Amino acid sequence: MADKIATREAYGNALAELGEKYDFVVLDADLAAATKTGVFRKKFPERHFECGIAEGNMMTVAAGIASTGMIPFVSTFAMFAAGRAFEQVRNSIGYPHLNVKIGATHAGISVGEDGATHQCNEDIATMRTIPGMTIINPADAIEARACVEAAINHDGPVYMRFGRLAIPTLYGDDYKFELGKGVMMSEGKDVTIVATGLMVHKALEAKELLKNEGIDAEVINIHTIKPLDRDMVIASAKKTGCVVTAEEHNIIGGLGSAVAEALSETCPVPVLRVGVEDQFGRSGKVPPLLELYGLTAENIAAKAKASIALKK
Amino acid sequence: MEQAKMTMLKEHANNIRLGALEAVYNASSGHPGGSLSIADLLSYLYFAEMKVDAKNPNWEDRDRLVLSKGHTAPALYAALAEAGFIPKEDLKTFRHVDSYLQGHPDMKHTPGVDMTSGSLGLGISAACGMALSAKIRNKDYRVFTILGDGEIGEGQVWEAAMFAGHYDLDNLCAFVDWNGLQIDGPITEVMDSTPIDKKFEAFGWNVVMIDGHNFDEIADAVESFKATSGKPTCVVMKTVKGKGVSFMENQCGWHGSAPNKEQYEQAVAELTANN
Numbered sequence: 001m002a003d004k005i006a007t008r009e010a011y012g013n014a015l016a017e018l019g020e021k022y023d024f025v026v027l028d029a030d031l032a033a034a035t036k037t038g039v040f041r042k043k044f045p046e047r048h049f050e051c052g053i054a055e056g057n058m059m060t061v062a063a064g065i066a067s068t069g070m071i072p073f074v075s076t077f078a079m080f081a082a083g084r085a086f087e088q089v090r091n092s093i094g095y096p097h098l099n100v101k102i103g104a105t106h107a108g109i110s111v112g113e114d115g116a117t118h119q120c121n122e123d124i125a126t127m128r129t130i131p132g133m134t135i136i137n138p139a140d141a142i143e144a145r146a147c148v149e150a151a152i153n154h155d156g157p158v159y160m161r162f163g164r165l166a167i168p169t170l171y172g173d174d175y176k177f178e179l180g181k182g183v184m185m186s187e188g189k190d191v192t193i194v195a196t197g198l199m200v201h202k203a204l205e206a207k208e209l210l211k212n213e214g215i216d217a218e219v220i221n222i223h224t225i226k227p228l229d230r231d232m233v234i235a236s237a238k239k240t241g242c243v244v245t246a247e248e249h250n251i252i253g254g255l256g257s258a259v260a261e262a263l264s265e266t267c268p269v270p271v272l273r274v275g276v277e278d279q280f281g282r283s284g285k286v287p288p289l290l291e292l293y294g295l296t297a298e299n300i301a302a303k304a305k306a307s308i309a310l311k312k
Numbered sequence: 001m002e003q004a005k006m007t008m009l010k011e012h013a014n015n016i017r018l019g020a021l022e023a024v025y026n027a028s029s030g031h032p033g034g035s036l037s038i039a040d041l042l043s044y045l046y047f048a049e050m051k052v053d054a055k056n057p058n059w060e061d062r063d064r065l066v067l068s069k070g071h072t073a074p075a076l077y078a079a080l081a082e083a084g085f086i087p088k089e090d091l092k093t094f095r096h097v098d099s100y101l102q103g104h105p106d107m108k109h110t111p112g113v114d115m116t117s118g119s120l121g122l123g124i125s126a127a128c129g130m131a132l133s134a135k136i137r138n139k140d141y142r143v144f145t146i147l148g149d150g151e152i153g154e155g156q157v158w159e160a161a162m163f164a165g166h167y168d169l170d171n172l173c174a175f176v177d178w179n180g181l182q183i184d185g186p187i188t189e190v191m192d193s194t195p196i197d198k199k200f201e202a203f204g205w206n207v208v209m210i211d212g213h214n215f216d217e218i219a220d221a222v223e224s225f226k227a228t229s230g231k232p233t234c235v236v237m238k239t240v241k242g243k244g245v246s247f248m249e250n251q252c253g254w255h256g257s258a259p260n261k262e263q264y265e266q267a268v269a270e271l272t273a274n275n
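Chains as they are written, first to last, in our numbering: chain G, 1 to 312; chain Y, 1 to 275.
Just so you know, the hints here were simulated from the structure itself, not pulled from any lab data.
Here the structure is a predicted model, which is why all the values come from computation and not from measurement.
Treat the hints loosely; a few may be bogus.
Label pairs and their computed distance ranges (CB to CB) [claimed, not checked]:
no.	chain 1	residue 1	chain 2	residue 2	range
1	G	PRO227	Y	ASN250	46 to 56 Å
2	G	TYR22	Y	THR272	54 to 64 Å
3	G	TYR22	Y	ASN58	43 to 53 Å
4	Y	ASN58	G	ALA116	23 to 33 Å
5	Y	VAL97	G	ASP23	50 to 60 Å
6	G	GLU87	Y	GLU262	54 to 64 Å
We put the CB at the ideal spot given by N, CA and C, even for glycine.
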C-alpha cells in the first residue's frame, strides 16, 4: 500500500487533470479550499464559479447550466449537498435527469473535530431515493480519480462521495474502474463482506483477523452504490451463505440497506450491518471516533462471525 | 406601439387565457388566477420578443423562459400551443394521467419548456445558470423568468438575486407578477414581500415598475432590460389575479381551483367577446 491520501484530495487533483481533456465547469459554495476544487480553480480560474454560502441556489444554477449542454461539477460538504439541498437535487437535477456531477466531500464520521452538524451519515440514503441518480463512494484515491472521469462520461446526474481523512491507497495506476460494477478484492467461502469507501481497507484488515481464526472471508468493494452490482452481491451471498456490510454511514438507508434489499428479494441470507447505528456523530479525533462508532476491522470481524452463526 | 401589433398581442393574450382555462376546466384542477395575470406578458414574450423556433424547440441559441411560478403552467402551455410548439387540442389533456402536460412544467416531455419548475423559488436559480452559461460560451441568447409575488418569500430567490447581481447577469430578465394575492390571502397579510422593487435594487438589479397588462409598458420594460449592461433586470409588474374573467379578478379563491361548467362557459363568453 502506498501513501495515505484523502479521496477529496484525489477529487481536486482529478478535476485539475481532467480539465485539460474535458469541457466542464466547477461550482463551489465557499469551501473550495476544503473540497479541493481550489486545485482546479488555480489552474482554470475562468471555469470555476464561486456561489457563496448558498447551496440550494448553487444546485439549481448547476441544473440551469446543464440544461444548456455544459457539464457542471458542484461541490460542497455532503451535509449541504445531500441534506440542505436535497430538494434542489431532487427537483432541479434528478427529476429532469440533468447532467450535473455532485462532488460531495466531508462525508461520514471521519470529518472529525467539526462534529455532528457536519458529519453526514445520511447522504447515501437520501440520494438513493432519487430515481436515476448514480451514487459513487470510492475506496481510495485511485478509485476517486477514476470515478470523476467515469462521471464525466456518464450521461445523467452523479453523486460522488469523498472523505476528508487520508486513507490507504488500495489500487495501482492500472486499476480499471467500471461504473456499476463491484470489485472482488479477495475471494473467500465462509462469509461475504461487502464494503464501501474507507471501510474497504478495514474489511481487508478484518479478513486477516478472521483468517487467524480459520475463517475464509470474501471481500467485495462496492464503489457504485446505485445502481448496485446485484449480480456480484447475489452470487457471493449464494456461495458463502451470509453477509456483512460495512460503510461509514447510518446503517439505515445506505449500502447495508441496498444489499439487504437485493438479497431479501433473491437469496435471503443473514445480513449484518456495520455502520453508524442510527446515531448522530460527535467531535473528536478520527481514530477514537471510528472506534466509538464501531467502524473498525475488529467490529467487522465480530459481525462476520455473528453472521456465520446465523446461517441455517 | 403601432395599432396592428397591439391588436395582434391582445388577440394572442386572449387566446392564451382561453387555452389556460380550457386546460384547467378539463382537468377540474389547476391554477387559473395566476395564469390569467401573466397572459399578457407571455403574449408579448412569445409574439414580440423571444427568439425561439417552434419547429426546433431545443435550438441551442434560443432565448429561454423559465416559469419559476410553475403552477401557472396552464398559461405557459396555452402560450406554447398558441406559438405552435404543441397542438392546441392537447391542452384539454392537462393533468390527465396519460398526458405529457404535467401539473407543473416538465422540460423532458414538453416541447418549448426550457426548465422543469413548480417547486417555488427554484426557477430563478436555473435561469441564473442558463444566463451564466451564455456568458461562459459568449452566446447572445437572453433568459427570461417569471416569479410570483408570493414565491419571492422563498429564501432561494434572494440567493439567486445575489448571484445574478454578483455575476452581472445582464442577459437575465426576471418578471415578478405582483398580483397581490397568494393562497392564504393578500401578500401583505400572509407574508409581506413589499417593497419588491427596493429589494431587487438592493441586490444590484436594474428595476422597472410597470402595469403588467399594458403592452406599451411591457415593451418599455424589455427595452430597459436590453439597454442595461452590467446588471440583471427585474420587472415588477402590477397585475390583476384572474385578469379578464370578471368573477375571478382579485379573488384569492381562484388561485388554485377550477371553474365548473357554468363558470367556464361564462368565462369563455367574456373572453370571446374581447376577440
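Hints and how they fare:
| no. | hint | result |
| --- | --- | --- |
| 1 | G:PRO227 to Y:ASN250: 46 to 56 Å | holds, 52 Å |
| 2 | G:TYR22 to Y:THR272: 54 to 64 Å | holds, 55 Å |
| 3 | G:TYR22 to Y:ASN58: 43 to 53 Å | violated, 22 Å |
| 4 | Y:ASN58 to G:ALA116: 23 to 33 Å | violated, 45 Å |
| 5 | Y:VAL97 to G:ASP23: 50 to 60 Å | violated, 40 Å |
| 6 | G:GLU87 to Y:GLU262: 54 to 64 Å | violated, 39 Å |
The structure fails to meet hints 3, 4, 5, 6 from the earlier list, while all remaining hints are met.
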